[in-house]
Each structure stands twice: as structure tokens, then as C-alpha cells.
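Respectively, the protein sequence lines represent chains A and B.
For the first sequence, our numbering puts the final residue at 419, and the numbers step up evenly by one.
For the second sequence, our numbering puts the final residue at 312, and the numbers step up evenly by one.
There's no promise every hint is true.
Unchecked claim - Distance condition first, Cα-Cα at most 16 Å in a straight line; then the derived EDC-like pairs of lysine to aspartate or glutamate:
{"hint": "1", "chain 1": "A", "residue 1": "K157", "chain 2": "A", "residue 2": "E86"}
{"hint": "2", "chain 1": "B", "residue 1": "K82", "chain 2": "B", "residue 2": "D122"}
{"hint": "3", "chain 1": "B", "residue 1": "K82", "chain 2": "A", "residue 2": "D49"}
{"hint": "4", "chain 1": "B", "residue 1": "K243", "chain 2": "B", "residue 2": "D133"}
{"hint": "5", "chain 1": "B", "residue 1": "K249", "chain 2": "A", "residue 2": "E50"}
{"hint": "6", "chain 1": "A", "residue 1": "K148", "chain 2": "A", "residue 2": "E159"}
{"hint": "7", "chain 1": "B", "residue 1": "K249", "chain 2": "A", "residue 2": "D49"}
{"hint": "8", "chain 1": "B", "residue 1": "K251", "chain 2": "A", "residue 2": "E50"}
{"hint": "9", "chain 1": "A", "residue 1": "K212", "chain 2": "A", "residue 2": "D252"}
{"hint": "10", "chain 1": "B", "residue 1": "K250", "chain 2": "B", "residue 2": "D122"}
{"hint": "11", "chain 1": "B", "residue 1": "K70", "chain 2": "B", "residue 2": "D175"}
{"hint": "12", "chain 1": "A", "residue 1": "K81", "chain 2": "A", "residue 2": "E159"}
{"hint": "13", "chain 1": "B", "residue 1": "K243", "chain 2": "A", "residue 2": "E64"}
{"hint": "14", "chain 1": "B", "residue 1": "K82", "chain 2": "A", "residue 2": "E368"}
{"hint": "15", "chain 1": "A", "residue 1": "K237", "chain 2": "A", "residue 2": "E392"}
{"hint": "16", "chain 1": "B", "residue 1": "K251", "chain 2": "B", "residue 2": "E69"}
{"hint": "17", "chain 1": "B", "residue 1": "K250", "chain 2": "B", "residue 2": "D175"}
{"hint": "18", "chain 1": "A", "residue 1": "K212", "chain 2": "A", "residue 2": "E159"}
{"hint": "19", "chain 1": "A", "residue 1": "K212", "chain 2": "A", "residue 2": "E179"}
{"hint": "20", "chain 1": "B", "residue 1": "K249", "chain 2": "A", "residue 2": "E86"}
{"hint": "21", "chain 1": "B", "residue 1": "K250", "chain 2": "A", "residue 2": "D49"}
{"hint": "22", "chain 1": "B", "residue 1": "K243", "chain 2": "A", "residue 2": "E50"}
{"hint": "23", "chain 1": "A", "residue 1": "K237", "chain 2": "A", "residue 2": "E247"}
{"hint": "24", "chain 1": "B", "residue 1": "K70", "chain 2": "B", "residue 2": "E281"}
{"hint": "25", "chain 1": "B", "residue 1": "K82", "chain 2": "A", "residue 2": "E247"}
{"hint": "26", "chain 1": "B", "residue 1": "K243", "chain 2": "A", "residue 2": "E51"}
{"hint": "27", "chain 1": "B", "residue 1": "K199", "chain 2": "B", "residue 2": "E236"}
{"hint": "28", "chain 1": "B", "residue 1": "K310", "chain 2": "B", "residue 2": "E214"}
{"hint": "29", "chain 1": "B", "residue 1": "K82", "chain 2": "B", "residue 2": "D175"}
{"hint": "30", "chain 1": "A", "residue 1": "K81", "chain 2": "A", "residue 2": "D205"}
{"hint": "31", "chain 1": "B", "residue 1": "K82", "chain 2": "A", "residue 2": "D56"}
{"hint": "32", "chain 1": "B", "residue 1": "K249", "chain 2": "B", "residue 2": "D133"}
{"hint": "33", "chain 1": "B", "residue 1": "K250", "chain 2": "A", "residue 2": "D205"}
{"hint": "34", "chain 1": "B", "residue 1": "K251", "chain 2": "A", "residue 2": "D49"}
Hints listed in this document are in silico derivations from the structure and should not be mistaken for laboratory results.
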Amino acid sequence: MADTTIEAASSPATTQTDDHNQQHQQRAHRHAPLPPALDLYGIDNLLSDEERLVRDTVRDFVRERVLPIIGEHFEAGTFPKALIPEVAQLGLLGMHIQGYGCAGMSAVAYGLACQELEYGDSGLRSFVSVQGSLAMFPISAFGSEEQKQRWLPRMAKGEVIGCFGLTEPDHGSDPSGMETRARRDGDSYILNGTKMWITNGGIADLAVVWAKAEDGIRGFLVERGTPGFTTSDVHHKLSLRASITSELHFEDCRIPAENMLPNVRGLRGPLSCLDEARYGIAWGANGAARACYEAALDYAKSRTQFDRPIGGFQLTQQKLVNMATELVKAQLLALQLGRLKDQGMAHPVQVSLAKRNNVREALHTAREARSVLGANGVTLEYPISRHMNNLESVYTYEGTDDIHTLIVGQAITGLNAFS
Amino acid sequence: MLMMSIGQFDVKPAKAGFVAKCSEALRRGLSRPPSSSATHPTLSTNHNLEENPVKIVVCMKETPSTTVEKSFGPDMRIERRKEDAVINPFDEYTIEEGLRQQEKHAGSEVIALCMGPATATDNIRRALAMGADRGVLVTDPALAGSDAIGTARVLAAALKQIGFDLALFGSAAADAYGGVVPSAVAEFLGMPLLSFAGKLDIDGSTARIERQAEVGYQVAEASMPALVSVVKSINEPRYPSMKGIMQAKKKPIDTLTLANLGLDADTVGAAGAREEALSAEKVTAQRKGEIYMGNEGAADRIVAFLVEQKVL
Chain A
1 MADTTIEAAS
11 SPATTQTDDH
21 NQQHQQRAHR
31 HAPLPPALDL
41 YGIDNLLSDE
51 ERLVRDTVRD
61 FVRERVLPII
71 GEHFEAGTFP
81 KALIPEVAQL
91 GLLGMHIQGY
101 GCAGMSAVAY
111 GLACQELEYG
121 DSGLRSFVSV
131 QGSLAMFPIS
141 AFGSEEQKQR
151 WLPRMAKGEV
161 IGCFGLTEPD
171 HGSDPSGMET
181 RARRDGDSYI
191 LNGTKMWITN
201 GGIADLAVVW
211 AKAEDGIRGF
221 LVERGTPGFT
231 TSDVHHKLSL
241 RASITSELHF
251 EDCRIPAENM
261 LPNVRGLRGP
271 LSCLDEARYG
281 IAWGANGAAR
291 ACYEAALDYA
301 KSRTQFDRPI
311 GGFQLTQQKL
321 VNMATELVKA
331 QLLALQLGRL
341 KDQGMAHPVQ
351 VSLAKRNNVR
361 EALHTAREAR
371 SVLGANGVTL
381 EYPISRHMNN
391 LESVYTYEGT
401 DDIHTLIVGQ
411 AITGLNAFS
Chain B
1 MLMMSIGQFD
11 VKPAKAGFVA
21 KCSEALRRGL
31 SRPPSSSATH
41 PTLSTNHNLE
51 ENPVKIVVCM
61 KETPSTTVEK
71 SFGPDMRIER
81 RKEDAVINPF
91 DEYTIEEGLR
101 QQEKHAGSEV
111 IALCMGPATA
121 TDNIRRALAM
131 GADRGVLVTD
141 PALAGSDAIG
151 TARVLAAALK
161 QIGFDLALFG
171 SAAADAYGGV
181 VPSAVAEFLG
191 MPLLSFAGKL
201 DIDGSTARIE
211 RQAEVGYQVA
221 EASMPALVSV
231 VKSINEPRYP
241 SMKGIMQAKK
251 KPIDTLTLAN
261 LGLDADTVGA
271 AGAREEALSA
281 EKVTAQRKGE
291 IYMGNEGAAD
301 RIVAFLVEQK
311 VL
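Looking at chain A on its own, in the form it has when it is part of the complex:
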């Protein structure tokens, strides 16, 4: 509608009313040009040139290399392994880690990369999150110098794929109840237990595994091929189908004591990794939401019913406006979180708030977008149902929506509602 008004106003004015409109439009235009539908709040201007370059680079990559193939992978239930060397070449694996072959970029740059990757598919973003935030980050933060030099450069190049084992079949939201044990035996540890819902597990060369030792929860680096360590992939998923999810089994798995991460003990270790990954999810969810909003907006402007584009109907506009509004809010939330993180001022409660809100709203957006597309929305021809199904997992992993609610609830009341 706004376009029409401006067009009318800029045609030669013949009446006083037109003239008035024109003046009004010109004045309005001088003060504030109509913002584009995909950046309603001028968030682009809050980014530095370098941050925009990161975003545009990953955006181009996703448009050219990911979107043409991702639907087929989702349908076939396969992870696009061919993309691993390409994301490594881009330097996205561990991009926010300093040194050891990593780019050492800011938290905001990392967030923008997650956002663009998840515009493609949550599965691809999950792959990059797990490699960078859950496997490389603990080695970088808690590993010995030898461990860092041995693993990080090859992980940045995508030559070594990592995974992160915390969740167990019987312990999801309460990791402190984990049953996996590490028993000291001379110069070794013997691992026993099972980890469940492990992204990248089946293709991982290195597993970062959290287990209870005599002195508390410790992190261990377990290489593929170690006797007693096996993986099995989870099949028949209806979500994150273009991502590998596995079970890790440890049966009297003997690993050298020097494979333990020396510099962290207790739940703080895995939780600080999750904090990194949740941060990436808070941004990533906005990418999925934007993909759904864009698809719905395009569709609403071109789909004709009752002789007019459905975008002209009030109910459809309300849906689009809801999506646009929630997207803007979520983007501002993620950006401020990133700025705080780059200043070393981000608190895990703020990460919880952003993860909870942005994934929840992305899921609402996906559902609402699906309804705009009618039956077309359920096909793989459009990205919406794929994102919608993926987001169901994102809603649950890395701290469920409920758990993040309790984290924020405890922070604002001072009262623990967990137990």
C-alpha cells in the first residue's frame, strides 16, 4: 500500500489534495525513508562494515551452495558432508576462537554467521555450532597446550570432526544425574556409559565426553577407533533430518589420562560450552524465522485469491506483521547479547532469555508462515515446513524452553523452581 501512495504522490500533482500529499510525502521521505520489509528497524546500520561482510559472505555461500541441495538432503535424511570442506575453507569452524588456525572473530560476527547458516537449515548451523562451540571451545578453554595444538588446527580445517557428549538416555535436563563413569586405572581412565542425542556423533573423529570421575564431572577426549567406543545413529527423525544424531556407547573404554581436559572440573565445564552454543542458537533461530517470513511475504504478494493478492487481506497482513515484529525484536535481542558478550558482560541468564525467546518466536513464525502458504506450505518446495520441523528440535536442545524459563525465573525472583 505504501508503494502505491508514494507512486501516486510523485506523479504530476493536478489538484490541491495531490499537492498536499506530495508535500507530505516529500517531508516524510526527507525525515525517514520507508524501511525495507526485511530490515524494518535499520539493524543493518548497527553493524560494522566487517560484520556486514561476514554476514554477506555467509549469506552468499548459503544461497549458492546450501539452498540448492538442502531440501533433498532433508528428504533423504542425510547430512550434506560435501559442505564440510567448504565451511572449513570459509573459516566458520571455530571462527570465534583465538589462535590455533582459527580466525578469532567477535561474538557478533559468529552470531551473524549462525544466523545465515540457519537461514539455510538448522542442521547445518547445528553442525557448525557443535564443532566450534561444543567441541573446539572446551579444548580451547579447558585443554592443555598439547591438546590445543594437536586438535584445534585440524578441527578448524574440518579434517577432524568433533561431537559433544553430555545428554544421556535418562538424563537430559538434569545433567548432574549423569550415569557415565570414568574410573582411574594407572595412567588411564576407563569410561562406561551411554550418551544420547549427540549431533555429529556418527561422523565424529573426536568426542568430547563428560563423565563422573572420583573428583567430580570431568571432560575427556575420546578418539574414534578407541576400543570400547562405538556409535549408532538415530534414524526415523522427523526433525533435523539433514543432520546426524547419534548415540555414543562406552564399554570399558580405556583412554590415556592425558586425554582428560585438565583445566575444568564439575558441571561448570559442560555448562559453559552450552552457554556458547545457546548463544549461537539465539542468533541462528532468527535466520530460520527470516527464511519463513520471506517465503510467506513473497507468497502473500503473488498468490491471488478472490481476485487479489492475499497479502491485501487483513488477516494475512496481521500474520505478516506479527512475523516481522517478532523478527525485529529477536534480532535486537541477539545483537545486544552479542555486544555484551564482546564486552565480556554477557550473563548466562541473558543467553537463556534470548535462546528461549528467539527459538519460541521462530517456531511461531514458521507455523504462521505455513498457514499463509496454505497447502503449498507443507511441501519441500518451500523452506517453511522444513524449518518448522527443525525448530521443534532447536526448541528442546541446548536447554529446553521450560528449563530456560526456570533459569530466568530464578534470576528475577531469587527462588529456585527446579526442584
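Chain B: place on chain A using the hints.
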């Protein structure tokens, strides 16, 4: 459609095997621009067979993204918005080719040269993130409205000042599709242009290209310094890497004005333009189909058509 009159300008394309004679001073480049504070070692153009470093200037233009709707001002110039400005897609192949030649010839330098608004440093930075060593931006308020010849005049002057063994160009720009600039620069410099290269090899002091023709390809070569325009089949441009983006922050971009290049304002920009865009109209796609009815020997005619198209 853009209607333009080019005026009298005699463009001489390079002949195959054409060998240019250029002064050594031009090959080495003249002094560094006075505005520059950064210092770079002047590359030797002594073509040692083992090392064979090449000084490569990749010419790039900022154009509006091909995904945004173009609009024209009252002067029929494309309205350019900073946020829509990208590296001319053709020039991504130019930059990539410069980087690939650098990888083949150790010690080579790749310099990204752009004429454009002051904000074009954003896109030069992107070329630096892809791997170019430094950037040169020619910017001056008087340059606005330059036509192809004015642009070529400026690029020629800048190339002369920078000095080069090899100057690479895209074969056209995705805004006006003139495709004239590389040959016009060659004319201004009196140097050979190897145009529409689908493959480029440097051997000692000789540049050799393959130019795709309808049947097979032509081989053309010139002794360096030389200009080369490339086509999209020559390579697959890389994305800037995250490390490249970090490194690009520290790479210098020098700015040159018309005064730095010793050019008069009235020979460039709108004042010096001999091209005038008279009108701009949207291209309307026209698809012409032919329908053959069964009783008109449809099968035979379809077979004949397929044979003609070399499908059968």
C-alpha cells in the same frame, strides 16, 4: 535499453601474438601516490624463471546488486545506494584470476583498483578479504557521471601510476553492460589487450590466453605489461574467508584524486562525458513459440528443428 553515442573513438583490439613495446618506467610504475602513508616494497619486474613474480592490478567496479530493482534519476543515470552496492559480479572472476596467478607465481602482488564513491572502500575491503594485498580507490566528486571513455581515462592514469605487469578486467559491468572500458584503457596506455580470456597463463614475460570461439578456441599472447579481460568460465570465484576478513582490516587502501593523477576535471565525469543515455526502458521478456499441428507434418518438422539445434 540504453541509447548512447560514443563519439569518435578508435578502439584497436589486440592482435593475436601482438607484442607491445613499453618503457621500463611504465612497467615498474612511477612513484607511490603522495597521499599514501603506507609503504610497500616496489616489486621488481625482473622475470626470473624460478620466481617470476608478477605485479597484478585487478580492476573492479561497484555496481548495484543484481537482485535489487534498478531505478534511474532524471539524468538517466542509475540511482546507486550504498547498501545495494556490490562488486560487479564479472569482476569477482577478475579478482579470483589475479589471486590464482599470484598463487602460481610466488612473490607476486595483487592490487585491487576501483574508481568509485568514497564508500567503495567497503567493496575493496571485500577484495582484500578474498586475498588481494592492497587496494587503490580513485575517488573525486568530479568523477560522478563518467562515461566509459572517462572511466577508461582515469583507470589508465591510475594504472600508469601504480605500475603493473598485468592489469585484469571483467568483460563488462552488470549495470550498463558497455563492455568498452578494457579496450579503451588499452588504447590510452598504448598496450595490448587480450580480451575475453577463458584461460590465462603467464610464461616468463609473456601472457597467453585462450578465447572461446564458436568452434574451438583462439590462442592470443602478448608480452607484459599487458591487459587481459576475463570471462566467467575462467574460474570459480572464492568466498572471502573469516581469516581473510580479519587480515583485510590491516591491509592498506590508498585513495587517489584527479589531482593525484594529473587529470583535468573537465575530461572526466559528467563534464567530459561523450555518452548520453537518452532513455531507459524495462526489458520485457518475449517468448515466441511455434505450434505445429498434426496434419501439417508436425513430427517431421519437430525432428528437423531438433536436428537444426544439434540436439539429435
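Query raised in the report: Failing hints, ascending?
Result: 13, 14, 16, 17, 18, 20, 25, 33
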